[in-house]
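A.B. asks: These are the residues of each chain, in order.
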Amino acid sequence: MTIKTFEELKKSCTKNNLKIYEIAQIEESEVFDITVEEFRFKVEKTIQAMKEAIKNGLNSTALTNGKMGGFDCAKQLEYYKHHHSIFNKLFEKIICYALATSEENARMGRIAACPTAGACGIVPSCLISIFEEYDIDKEKQINSLITAGMIGKIIASKVATAGAIGGCQAECGTASAMAASAAAYLFDSDIDTIINAAALSLKNILGLTCDPVRGFVEVPCIKRNPFLAVHALVAFEMAQAGIISIIPADEVVDAMEQTGALMSSALKESSQAGLAKTKTAIIMEKACFTKKYYSEFKD
Amino acid sequence: MQEKSILDIISPIMAGPSSSHTAGAVRIGLLIRNIFAQEIKRVKIILYNSYAQTGTGHGTDKGIIAGLLGFSVDSTKIKDIFNSIEATKIKYTFEYQDSFTRHPNAVDFIIEGTSQTMEISAQSVGGGEVQVTKINDIDVNINAKSDTIIITLCDKPGAISQITDIIQKNNINIASLNCNRKTKGQNATCLISVDGVINQAVIEEIKQKTNPAFIRYVKKLFQ
Numbered sequence: 001m002t003i004k005t006f007e008e009l010k011k012s013c014t015k016n017n018l019k020i021y022e023i024a025q026i027e028e029s030e031v032f033d034i035t036v037e038e039f040r041f042k043v044e045k046t047i048q049a050m051k052e053a054i055k056n057g058l059n060s061t062a063l064t065n066g067k068m069g070g071f072d073c074a075k076q077l078e079y080y081k082h083h084h085s086i087f088n089k090l091f092e093k094i095i096c097y098a099l100a101t102s103e104e105n106a107r108m109g110r111i112a113a114c115p116t117a118g119a120c121g122i123v124p125s126c127l128i129s130i131f132e133e134y135d136i137d138k139e140k141q142i143n144s145l146i147t148a149g150m151i152g153k154i155i156a157s158k159v160a161t162a163g164a165i166g167g168c169q170a171e172c173g174t175a176s177a178m179a180a181s182a183a184a185y186l187f188d189s190d191i192d193t194i195i196n197a198a199a200l201s202l203k204n205i206l207g208l209t210c211d212p213v214r215g216f217v218e219v220p221c222i223k224r225n226p227f228l229a230v231h232a233l234v235a236f237e238m239a240q241a242g243i244i245s246i247i248p249a250d251e252v253v254d255a256m257e258q259t260g261a262l263m264s265s266a267l268k269e270s271s272q273a274g275l276a277k278t279k280t281a282i283i284m285e286k287a288c289f290t291k292k293y294y295s296e297f298k299d
Numbered sequence: 300m301q302e303k304s305i306l307d308i309i310s311p312i313m314a315g316p317s318s319s320h321t322a323g324a325v326r327i328g329l330l331i332r333n334i335f336a337q338e339i340k341r342v343k344i345i346l347y348n349s350y351a352q353t354g355t356g357h358g359t360d361k362g363i364i365a366g367l368l369g370f371s372v373d374s375t376k377i378k379d380i381f382n383s384i385e386a387t388k389i390k391y392t393f394e395y396q397d398s399f400t401r402h403p404n405a406v407d408f409i410i411e412g413t414s415q416t417m418e419i420s421a422q423s424v425g426g427g428e429v430q431v432t433k434i435n436d437i438d439v440n441i442n443a444k445s446d447t448i449i450i451t452l453c454d455k456p457g458a459i460s461q462i463t464d465i466i467q468k469n470n471i472n473i474a475s476l477n478c479n480r481k482t483k484g485q486n487a488t489c490l491i492s493v494d495g496v497i498n499q500a501v502i503e504e505i506k507q508k509t510n511p512a513f514i515r516y517v518k519k520l521f522q
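Here the protein sequences line up with chains S and H, keeping their order. Following this note's numbering, the numbering of the first sequence begins with 1 at its first residue and continues without gaps. Following this note's numbering, the numbering of the second sequence begins with 300 at its first residue and continues without gaps.
Don't take each hint at face value.
Stated by the list, open to error - Distance windows between CB atoms, simulated: (1) S:ASN59 with H:SER414: 42 to 52 Å; (2) S:PHE41 with H:GLN499: 27 to 37 Å; (3) S:ILE26 with H:GLN467: 23 to 33 Å; (4) H:LYS519 with S:GLN240: 40 to 50 Å; (5) S:GLU237 with H:ARG341: 38 to 48 Å; (6) H:SER460 with S:GLU251: 24 to 34 Å; (7) S:ALA273 with H:THR387: 35 to 45 Å.
To be verified - Computed from the model, here is a short list of chain S residues facing chain H with C-beta under 10 Å: (8) SER12; (9) CYS13; (10) PHE32; (11) VAL36; (12) GLU37; (13) THR61; (14) ASN65; (15) SER102; (16) CYS120; (17) GLY149; (18) ALA255; (19) GLU257; (20) GLU269.
It is worth saying that the hints were derived from the structure and are not from the lab. We treat Cβ as the ideally placed atom computed from N, Cα and C, and that holds for glycine.
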């Protein structure tokens, strides 16, 4: 029997006196018939791919496939050349790395879906910014992504992480919970804090719809990635302070599943309502986004 | 339900922007390539519903061609596949259709090779997972999560046990076995998924002993 709930995860960690990543890698090697070393090697390759996607995104201003984005990361970088964030360097990095990854995804660049391609900027931007700013060694980097994966797996065992089924809460929301917990791991938090970070993060994103303009993973998806990355770290910091989600993590996941089921299919990746059917979205749809139109956004 | 791996959550490493519309499309292409198992001369690709409506923006068309040419989901070539030398080897056309009887992300292929023509239907079912649903006139369900033998036999008693005997003799575990036939006495199609890998000699032995109308060994696309 594999672990399917946060309650089981906590019990298993406490009983065996093991960290989440240790429980997770034992479970993976048992269920999927690979060694712990092989599993960790695959996780390391994912971290590499995440770093490369950030690097490529930071260095590109090419338009995205749907021509509605691809220029915002450059704007943000330019801004930080002349101004400091009102927070700190870590905050600057998170915003830029999340934009870089999401724009790279929309350009058909190489990314790691985490848990989905549309949400691919959230976990890497949080983790890799912390790796760099806090000088985290390679083994601990791998441990943190395994921790994120375990949180995502528990959520995904109840809710399909697809916008068409659960809305954006299931994609970006799950990514945000994964990032919050992994950040808590990186700062040596206990199991309660790690799970609580996930609960706080998920709870605040319930009901988020998936209404992409013209069906592309661009508007609002690209800009949503930095928002949700920062959101993850707010959850992390509150959890670190001992603030507790009154609703336990497993019940928050139940609520997310129910919310997703009740959400109209018009708001679940079908582009039939919400932002996708705003006046501007319809004009863009009809004009198939002429060059003139996008240049107005770009400047 | 098949057990989810953490690696399913933090990957695939893929060319964006969509797991179902891009990575799924590449995997469908790869799967079709393996089933067709012959150089593709000409292919007509019919995209349905969401694949037809938002496919171009997601690079679904590029993904399918890249897959048919054997590129993996994380290939940086997908983006510019239409301008690649490889793509000039295949003559391809796309059609776009709406059909409420089909899956939102369905696609049909009519493929011509040097000595065969096949019609294959597939769909992308979310998170980059795919299914081949029809080969010529036969309903199938191939998800490429384990190595699978597709075999069409004359429907006579004992044919299936002959095959399973050969597989068992080679110490390979059968994960699932599905057989389907339209009418009694007609050809029956079996899908045999196995744990591990079958070598070509075993396939040859099955071929010799059962004389199938059609046989393919399709390797899994997932880790």
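A.B. asks: Is the hint on S:VAL36 kept, meaning its closest Cβ partner in chain H is under 10 Å away?
C.D. replies: Cβ of S:VAL36 sits 12 Å from chain H, so the hint is violated.
A.B. asks: Against the range 23 to 33 Å, how does the distance between the Cβ atoms of S:ILE26 and H:GLN467 compare: consistent or not?
C.D. replies: 31 Å, holds
A.B. asks: Given the range 38 to 48 Å, decide if the beta-carbon distance of S:GLU237 to H:ARG341 lies inside it.
C.D. replies: 59 Å, violated
A.B. asks: The hint names S:CYS13 as touching chain H; please verify it with the least Cβ-Cβ distance against 10 Å.
C.D. replies: Where the cut-off is 10 Å and the nearest Cβ of chain H is about 16 Å from S:CYS13, the hint is violated.
A.B. asks: Holds or violated: is the Cβ of S:THR61 closer than 10 Å to a Cβ in chain H?
C.D. replies: Given a least distance of 16 Å, the restraint on S:THR61 is violated.
A.B. asks: Close enough to count: is the Cβ of S:CYS120 nearer than 10 Å to one in chain H?
C.D. replies: Check passed: Cβ of S:CYS120 comes within 7 Å of chain H, closer than 10 Å.
A.B. asks: Hint S:GLU257 vs chain H: min CB-CB distance below 10 Å?
C.D. replies: Violated. Min distance 15 Å.
A.B. asks: So, as I understand it, the hint says S:PHE32 touches chain H; can you test that by seeing if any CB pair is closer than 10 Å?
C.D. replies: Holds - the Cβ of S:PHE32 comes within 10 Å of chain H, reaching about 6 Å at its closest.
A.B. asks: Please check whether S:ALA255 passes as an interface residue: C-beta within 10 Å of a C-beta belonging to chain H.
C.D. replies: Interface hint status for S:ALA255: violated (20 Å vs cutoff 10 Å).
A.B. asks: Does the closest beta carbon of chain H sit nearer than 10 Å to the beta carbon of S:GLU269?
C.D. replies: At 8 Å from the nearest chain H Cβ, S:GLU269 passes the 10 Å test, so the hint holds.
A.B. asks: Measuring from the C-beta of S:SER12 to each C-beta in chain H, is the shortest one below 10 Å?
C.D. replies: 15 Å, violated
A.B. asks: For the restraint on S:GLY149, tell me whether the closest CB of chain H is nearer than 10 Å.
C.D. replies: 4 Å, holds
Against the hints set out earlier in the document, violations occur for numbers 5, 6, 8, 9, 11, 12, 13, 18, 19.
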